[in-house]
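**Student:** Listed below are the residues making up each chain.
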Amino acid sequence: MRFSALAAVAMLVVAGCGSSNPNTGNTLAPPPTASLKPLDKVGPGEGQLNLIAWEGYVDDSWAKPFTQQTGCVVSSKYAGSSDEMVSLMKDGGGGQYDMVSASGDADLRLIYSGDVRPMNEKLIPDWTNFQTFFKNPPYNTISGIHYGISLQWGPNTLLYSTKKFPNKPTSWQVIYDPANKGLITVPDNPIQIADAALYLMKTQPSLGIKDPYELTKKQFDASVALLTTQRPLIKKYWALASDEISLFQNGDVVVGAAWPYQTIQLKAAGAAVDETIPAEGATGWGDTWMLATKAPHPNCAYLWTQYVSTAKIQAEQALFFGETPVNTQACAQMEALQAGSCAQYHADAAGTYFDTIKFWKTPIATCADGSQTCIPYDQWVSAWTTIKG
Amino acid sequence: MEGFWTRMVLRLWAALILLFLFVPIVLIFLYAFNTSNIQSWPIPGLTLKWFTSTWNDPDVRRALTLSLQAGLVATTLALVLGSLAAFAIYRMTWFGKEVVSLLFILPLALPGIVTGIALNAFFSFGGITLSLLTIVVGHTTFCIVVVYNNVLARLRRTQGSLLEAAMDLGANGFQVFRDITLPLISTSVVAGSMLAFALSFDEVIVTTFTAGAQNTLPLWIFGAIRLGQRLPEVNVVVSFVILVTIIPVLIAARLTGSGGAARVPAAR
Amino acid sequence: MSVATARRPRPKGGGAVPFAGLLWRLPWLRPLLLLAPPLAWFVVIYLASLATLLITAFWTINPFTTQIVQVWSTDNFQRIINEPAYHSIISRTVIMAAAVTVTDAVLAFPFAYYMARVASRRAQTLLFAAVLLPLWASYLARVYAWILILNHNGVLNWSLQSIGLPPANIGYTNIAMWVVFSYIWLPFMIIPTYAALERVPETLLEAAADLGARRWRAVRDVMLPLALPGVVAGSIFTFSLTLGDYITPILVGGAGSSFIGNVIYSNVGIANNIPFAASLAAVPVAIMAVYLLLAQRLGAFEAF
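Chains as they are written, first to last, in numbering that gives the first Met the number 0: chain R, 0 to 388; chain A, 0 to 267; chain Z, 0 to 303.
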């Protein structure tokens, strides 16, 4: 399993963050909640569990049985972006929320603002079955302390209407193509700039982009320029996955950037769509269930984490959303539910596939080579507002 | 007066405007009975099944309970505080009256989002967790204005001579209040409360910022519209909300003769 | 006129005499006591919130942790003034608010005229109730109704196609938002216009007729100027409500539909940048303050 590429980069994210630049947050010091002792055993459920999740992560098909087994009634707030998750989790979850299914770009921000607390991996029996990398990924484990339990991971895909594109598109160019004006949708998320940078990595190699999240001013401006030319072609920026599903169902758009979840839902509703990962590659996300510092129902939170880490539920969720489970034993379950799915979602041989995905991470000013010339995330946010205009 | 053709044109215009105003509302009610769960037109058939499935949805029931709780508490608080304010302003003669009147208009004069984020900032600084309490605080603030407007308007229409006559007949201040003033203004207090409840039940703009993980019914509707999977339930809930907000307003209009209900903007 | 300052009889006996006596000796005490609780509520909660918001506008956040940095700075305001993206968002919002106001004024005037001057007494009451009803029928419900209508497979496209016209496809556009806004705020414009028109005494029109003006001229030169304060009063609502709205752009708007309200909303809920949201919120407040001043000049406050 060659996850070294991501591991190395993520290490640099952590190490390089400890600059005196006030914009990056002091990540050399231990996280504020590092000294909070996690539970050493799970008590009886409190009867309620409030989650912040991506759409499709808390489906009734596995949430209802969970409630029956444990008595914890699950209520979920769906967020459309990592930014929204960080915002909802402010002040340790505000005493409202128990857990958040945060992606790699939100994890460090949550950890270093003290909004999530350490979790005890020994309380999760299936943790020992996780792929090695996902036991202690740098985005949720710092100095051996786990600030969450890895969940699943996957790519951002190109979703297209098979009527308009009878031949599968081979390049992300279709979402920048004026021929598709008014028929394109992309996520309303500043991290989209990385997708533009990813496209430019292959189409404008002279820019020298190596990592779509570490962009010099020149590379950043080129990415923003690309997105600005894309803006008149966009029908609507989708903020929630359901927005995109409606757009495709109504025929308002024919191509867009999506998660595998939308494709599965649309196909289930009979829409003529399909997805692909074009030649330039894809960005992606690795998700972790993190425990809020002020979680009002920690026992239910642990019960939930145990539940979604089991091979059976990992398989169910992987098939529902279209992602790859972290539990190595989920593959067999996936095959039992849907033949060929284990290979389709790369649950069996994740190594090479994993390396092709540029996982979400928070852009910071420190580049890989230690220089301070990369554009930090707050400028991504303001640039995104300008792009959307 | 106006020529025949002018009147005809005006009549036609009025009819068209009325259609424009009411057709969307009627459509919602129709869609609530839609057999299909795809919201397209024309509607394939009519059914009552969505009513039962909506009632059985625990999220909807929780949201409804929360809306009712918030509405009742906010209305009660607003009733008391708004009436007190109306009495005070009615009797004040010093300069502060203008300033205080303006103050009481602010929650409705400022865009709802400003009130919403102001309260949100205030709560987060005060370390107050967002909950039913904060929702109620937000609702009460503008419900006070509604009650205040109605009671003040009624007080201004009261003839002072009635009160003086009562006093001439020997009633003390309290008796005058209990036997003369209170019955005179009671309809406006009730009307104001009805309007306040309707306002609170439908409120979404400020509530988005003052609610925590809980959902009032409008918040549930907003989320459900965006998530797009439970649209048949949304149709039912939305029809229900329309009825629940219209009925108190109709009562209020009967009590105050239509003028009272017009005194306050509704879209909060 | 306050009864309290009229000839006051001596209070009757009973346990409350000393207190009643105090109230009698200090006539301003009673309104003050009555005012205290609601005033306290407003000052402690509402004004304090507004003040908090104003102060927050001068702070910034740590972009990594999104925690507020309580250091005085005018960065937020400078950002709004300097970045063209915000100029276009603000101007888009103002233009939409103006367009909606004009549309509603045009739609409302003939209707209000009909209600005030042509309809019978009974019809007037019925029409008034009819206009109020949609006003109170749930804002979200009415926006949602338009989503259903403007949908690709909705009522509008079906109607157009059944009479042979091509589908309108105005879902998720600024046109859709303009239609929805005009629809939702229309009753706000009708009511004050009607109130103003109703107050114009018939004698004025008769006098105009006596002076030789034909009907149309009398309307233009007598009624319109007298109705103007009512229209302006209504415009306060349509303008202000459009200025701060974020729900309609989210539900009905498309790619080019970011309004001031949306940027504020996403700065609070997504970027967690409350200071910037607060500074943005100052913009519609400032615009409305100017608008209200103009409206007062035009006599809107007496009309309603």
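Since the hints were derived computationally from the structure, they do not count as laboratory data.
Predicted, not measured: the structure shown is a model, and the values here were computed from it.
Even for Gly, the Cβ is constructed at its ideal location relative to N, Cα and C.
Do not take every clue at face value.
Label pairs and their calculated CB-CB ranges [said to hold, decoys possible]: (1) R:K216 <-> Z:G163: 53 to 61 Å; (2) R:A178 <-> A:P41: 28 to 36 Å; (3) A:Q158 <-> Z:D74: 42 to 50 Å.
**Student:** Range first: 42 to 50 Å. Now tell me if the beta carbons of Q158 (chain A) and D74 (chain Z) are that far apart.
**Tutor:** violated, 58 Å
**Student:** Do K216 (chain R) and G163 (chain Z) keep their Cβ atoms within the hinted range of 53 to 61 Å?
**Tutor:** holds, 55 Å
**Student:** Would you say the C-beta atoms of A178 (chain R) and P41 (chain A) sit inside 28 to 36 Å of each other?
**Tutor:** About 34 Å separates the Cβ atoms of A178 (chain R) and P41 (chain A), which means 28 to 36 Å holds.
In terms of the numbered hints stated before, the structure departs from hint 3 and from no other.
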